[in-house]
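Protein chains in written order, with the working numbering: chain A, 876 to 1086; chain B, 876 to 1086.
There's no promise every hint is true.
Copies of one chain are not kept apart here, so a pair can be met inside one copy or by any two copies together.
In silico DMTMM-like links for lysine to aspartate or glutamate, alpha-carbon gap of 25 Å or less [stated by the list, open to error]:
1. Lys931 / Glu943
2. Lys1011 / Glu953
3. Lys1011 / Asp1066
4. Lys1011 / Asp1067
Note that these hints are calculated values from the structure, not bench results.
There are 2 protein chains.
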Amino acid sequence: MSSAAPQAPTTKARRRRSDGERTRQAILGAAASLATVDGLEGLSIGNLAAATGISKSGLYAHFGSKQELQLATVEEAERVLDEEVVQPALAAPRGREQLLAVCDAFLSYVGRRVFPGGCFFAATSLEMGARPGPVKDRLVAIQSDFTGLLRSFAVAAIEQHELPDDTDPDQLAFELHAILLGADTKFVLYDDATFLDLARRVVRERLGYGD
Amino acid sequence: MSSAAPQAPTTKARRRRSDGERTRQAILGAAASLATVDGLEGLSIGNLAAATGISKSGLYAHFGSKQELQLATVEEAERVLDEEVVQPALAAPRGREQLLAVCDAFLSYVGRRVFPGGCFFAATSLEMGARPGPVKDRLVAIQSDFTGLLRSFAVAAIEQHELPDDTDPDQLAFELHAILLGADTKFVLYDDATFLDLARRVVRERLGYGD
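Full structure from sequences and hints, please.
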């Protein structure tokens, strides 16, 4: 398409859109990182300008309001979670292997400090929990999707007799999610990867690996 | 003592100190609640004045700096955790019963919304995790004490053969703490006590009750 007969205005408009997209992407990456340290409420055009080197007026052009910035930041964090955690799990063999893969991918994403303050959603969920509104609603929806994913893997594992028949998939999804949250909290607080290894061991035991 | 021969200045001084203590206590109670919604960084003399009806200058007389206020708030929250969760557990029979009691007391403290934003320490640990300093150090020490308590109960339970001999007390303490954190997070986010019941079930299963 780029080698087609030149149509200057369209091409320029496209490039501008694409440059704008790249800038927006860079801003949101910085915003998601900042939010895991300062919170979503701590996000401001001012500290984002300091973090990105983009002028405040430039940032205002991208995001009309604080809430718009928060929602776009959550969307960017969801994209990262999908890329880092969900997709690797979906690529694993159906069932118990997917449960193991999703937990390992999550612990790896935390341990590699993809976000400086640990998992974006762990960091922001408790912050926004007591603040009703569209941002909290998005966080709730993303948490529900993630729990639903864990549950679907658990259901497949039970169907394939990789887990005891009487396993409650809701309970197992809750347990595994809690182990991941607990590992994230301790890793962030103690800056110690031992807790991630401990979580890997708990997950393997819970899923019956090595029995 | 109060019925002893009147020594006006001392008695007055005492009453003043005691009134001051009560006011300080009321301020810190409000501060701990606020911190579970706005974060420890969100605590300010301004919003504390709004929450307590005490003038800003009155508050400045009690707390010289924001850090002093944060540290005093953490201390008050630790007192509440001790009263609500630690003491009921210590009153239970040694061993596995104490593990059950500490988990049940924690889930009750969350469910009764002793703090509006769920467990104070869950709410503030991720917030302060990426902010080195004396406040984070206190939060780390309190988390370590709590984990140590869970571990000591686990060790006793293993000694008393209430849990399998090959149970790793560090791993069990981590698992139970994670379940409590996970339940707190979901309760706050969804405002749904089902997650507390789910956690109670998980804890009982993990400790072998009903086997």
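Do the hints match the structure? See the list:
1. Proximity of lysine 931 to glutamate 943 under the C-alpha cut-off of 25 Å is restricted to the intra-copy arrangement: shortest distance 15 Å within a copy versus 33 Å between copies.
2. Taking the shortest Cα distances, lysine 1011 and glutamate 953 sit within 25 Å of each other inside one copy (14 Å), while across copies they are farther apart (28 Å).
3. For a Cα distance limit of 25 Å, the shortest separation of lysine 1011 from aspartate 1066 across copies, 12 Å, qualifies, whereas the shortest one inside one copy, 28 Å, does not.
4. In the homo-oligomer, the alpha carbons of lysine 1011 and aspartate 1067 lie at most 25 Å apart only across protomers (15 Å), although the nearest pairing inside one protomer, at 30 Å, exceeds that limit.
No hint from the list above goes unmet by this structure.
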